[in-house]
Amino acid sequence: MSTREWLLTEQPGSRRQARMGQTYRTWLAFRRNRLAMVGLGIVLALVLVALLAPWLAPQDPIVGGSLRTERLLAPSWQHPMGTDDQARDILSRIIHGSRITLLVVALVAVIATPIGLLVGTTAGYYGGWVDTVLMRITDIFLAFPRLILALAFVAALGPGIENAIIAIAITSWPPYARLARAETLTIRTADHIDAIRLQGAHSARIIWGHVVPLCLSSVIVRVTLDMAGIILTAAGLGFLGLGAQPPQPEWGAMIAGGRRFILDHWWVATMPGLAIFVVSLGFNFLGDGLRDVLDPKAHK
Amino acid sequence: MPLIDISDLHVRFGPVHAVRGVSLAVDEGEAFGIVGESGSGKSTVLRAICGLAPTSAGSIRIDGQTLTAPRPPAFYRRAQMVFQDPYASLHPRHTVDKVLSEPLAIHGFTDREARVERALNDVGLGQGFRFRFPHQLSGGQRQRVAVARALILEPKILLLDEPTSALDASIQAEVLNLLDRLRSERGLTYVLVSHDLAVVAHMCERLIVMQHGQTVEELTRAELQAHHAAQDYTRNLLAASEGFTRAAP
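Line by line, the protein sequences are chains X and L.
1 is the number of the first residue of the first sequence in the numbering used here; add one for each residue after it.
1 is the number of the first residue of the second sequence in the numbering used here; add one for each residue after it.
Don't read these hints as lab results, they were simulated from the structure.
Don't take each hint at face value.
Claimed, not checked - If you want the footprint, here are the derived chain L segments under chain X, 3+ residues with CB under 8 Å:
(1) 127-137
(2) 178-184
(3) 191-198
To be verified - Taking lysine to aspartate or glutamate pairs in the DMTMM-like style, the calculated list, with each CA pair at most 20 Å apart, reads:
(4) Lys156(L) / Glu37(L)
(5) Lys98(L) / Glu5(X)
(6) Lys98(L) / Asp131(X)
What the hints assert, rightly or not - Sample of chain L residues lacking proximity to chain X, with all beta carbon distances greater than 10 Å (derived):
(7) Gly51
(8) Pro73
(9) Asn121
(10) Gln172
(11) Glu218
If you're wondering where the values come from, they're calculated on a predicted model, not measured in any experiment.
Note that CB positions come from ideal geometry on N, CA and C, so glycine has one too.
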């Protein structure tokens with residue numbers, strides 16, 4: 001029996017085989033979507049570049065060359081993306097900057113998704129005053145503009161990429177909470193929730209084991225689609241000088257640095273801009289593909 | 001003493017008065033039917049017994065003990081329910097194995113493997129079905145899984161909410177025969193809700209007819225089969241179940 005047959009069998013022999021078969025089926029459905037595969041490719045490339053940055057970057061991202069002869073050089077074979085006003089190779093800076101971007105994306109996803117899921121499913125499942133209290137708190141957080149709250153954070157804690165990440169995470173969970181609550185409201189009246197309640201299950205078991213798995217897919221899709229916005233917010237904070245601090249090679253801060261010579265030396269601001277564009281696009285494609293695969297309601 | 005004793009049960013959902021003073025008594029080992037059209041409150045009576053619908057007045061006693069809300073954990077080991085729609089009553093992301101072993105985990109059983117295997121065999125599904133997801137099962141197979149889930153805690157009372165109305169006619173008979181066999185093997189007590197008089201006549205020794213949340217009348221199987229109904233509503237229901245007959249010219 002080939003691996004493929006083993007995975008796709010209608011009669012799995014163990015829990016592991018059933019779970020892996022299910023994952024493989026999802027992958028087969030995902031693979032059919034070409035744009036989603038492009039998005040996955042971009043995101044995987046981002047991860048690889050971030051992991052291998054010290055080996056991939058041709059030059060040092062922080063210490064530039066001769067300030068007299070190597071500043072603001074146009075793209076050439078030696079500097080494929082040119083050099084900036086500190087005579088640093090822009091390609092090397094972008095490669096190292098991918099680490100910061102990936103850090104932002106990963107930390108925001110890890111912080112905001114569980115908070116949103118927990119608040120949303122709890123509010124939706126219990127209803128009543130629990131719902132009211134949790135959703136009003138969510139409304140309060142939704143009322144803060146991301147950048148303004150980030151400004152307040154940075155003012156309180158000092159500028160830096162960590163504080164920017166915390167600020168972005170704190171302002172990005174409310175939409176997930178609303179989404180999870182809306183899903184929970186339709187799930188909690190389902191017969192299979194009544195059934196597990198009749199087996200004597202406690203609320204925590206029902207929320208965690210039965211409601212969350214059904215909300216998870218639409219929340220994952222939403223988070224993936226939001227990644228582009230999160231990268232842009234981080235870049236915006238960098239542009240304002242509130243995110244990553246020089247000489248860290250953060251893409252938004254690099255655009256801010258190139259702003260002064262945008263007419264004469266276009267590549268200084270354009271290259272990091274392109275990097276932000278490509279990665280944001282990659283996450284959007286990936287999110288769209290995941291929605292087609294994971295969200296059963298989008299099928300029909 | 002009857003096993004299930006409901007007296008003057010009222011259920012209100014806000015302004016809707018769904019059940020208005022229903023009383024019934026079911027003896028141990030008996031199969032009791034509740035018949036009525038959609039919205040007559042028949043399913044709500046079942047849901048009130050197992051605590052899914054609120055009791056606004058009246059009392060429900062099992063073995064002479066009045067049920068409290070919320071139900072104590074021990075209650076769920078005495079009474080279980082099978083739902084109408086097998087496509088909605090199984091969690092779409094859980095395998096059959098997970099569906100069957102979770103109640104055992106909740107109630108702290110240790111011999112879960114053996115019990116899950118036995119439960120699958122009891123409802124006529126082999127071990128080949130154990131690690132399938134619901135979307136890999138047909139409607140009849142799903143309903144068998146639902147029956148297995150209801151029986152895995154070895155309850156004495158099974159509440160059946162139109163267990164066959166979402167199934168094809170040929171599969172209906174299979175599931176009804178399965179339920180019949182399980183009842184005689186285990187001495188179970190059934191409360192069966194249905195709008196299908198044929199199903200109720202096949203399964204139940206006694207039944208009540210409900211309309212607008214109230215009991216219209218109580219019949220035995222013999223009376224039902226002989227069409228000895230006292231009330232007009234029941235006679236209409238019986239006539240309707242005969243199918244369409246052309247009026248004489």
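Sort out whether Glu5(X) lies within 20 Å of Lys98(L), counting only the CA atoms. violated (23 Å)
Per the stated criterion, does the least C-beta distance between Asn121(L) and chain X lie above 10 Å, as a non-interface residue requires? Non-interface label stands for Asn121(L): nearest chain X Cβ at 16 Å, farther than 10 Å.
Status of the stated non-contact between Glu218(L) and chain X (beta carbon gap over 10 Å): holds (27 Å)
Given the hinted pair Lys98(L) and Asp131(X), is their Cα-Cα distance within 20 Å? Given pair Lys98(L), Asp131(X) is violated - Cα atoms ~30 Å apart, limit 20 Å.
Confirm or reject the coverage of the segment 127-137 of chain L by chain X under the rule of 3 or more residues with a beta carbon closer than 8 Å to the chain's beta carbons. Result for this restraint: holds, n = 6.
Distance rule for Pro73(L), whose beta carbon must clear each one in chain X by more than 10 Å: violated (5 Å)
For Gln172(L), is the shortest CB-to-CB distance to chain X above 10 Å, so the non-interface label stands? Label holds. Min Cβ-Cβ 19 Å, cutoff 10 Å.
Within the assertion that chain X covers the segment 191-198 of chain L, do at least three residues meet a Cβ-to-Cβ distance smaller than 8 Å? violated (count 0)
Verdict on chain X covering the segment 178-184 of chain L, criterion of 3 CB contacts below 8 Å: Three-residue rule not met by the segment 178-184 of chain L, so violated; n is 0.
Please verify whether Lys156(L) and Glu37(L) have alpha carbons no more than 20 Å apart. Roughly 28 Å separates the two Cα atoms, so the pair is violated.
Minimum Cβ-Cβ distance from Gly51(L) to chain X exceeds 10 Å: At roughly 8 Å from the nearest Cβ of chain X, Gly51(L) sits no farther out than 10 Å, so the non-interface label is violated.
Taken one by one, the earlier hints fail for this structure at numbers 2, 3, 4, 5, 6, 7 and 8, listed in ascending order.
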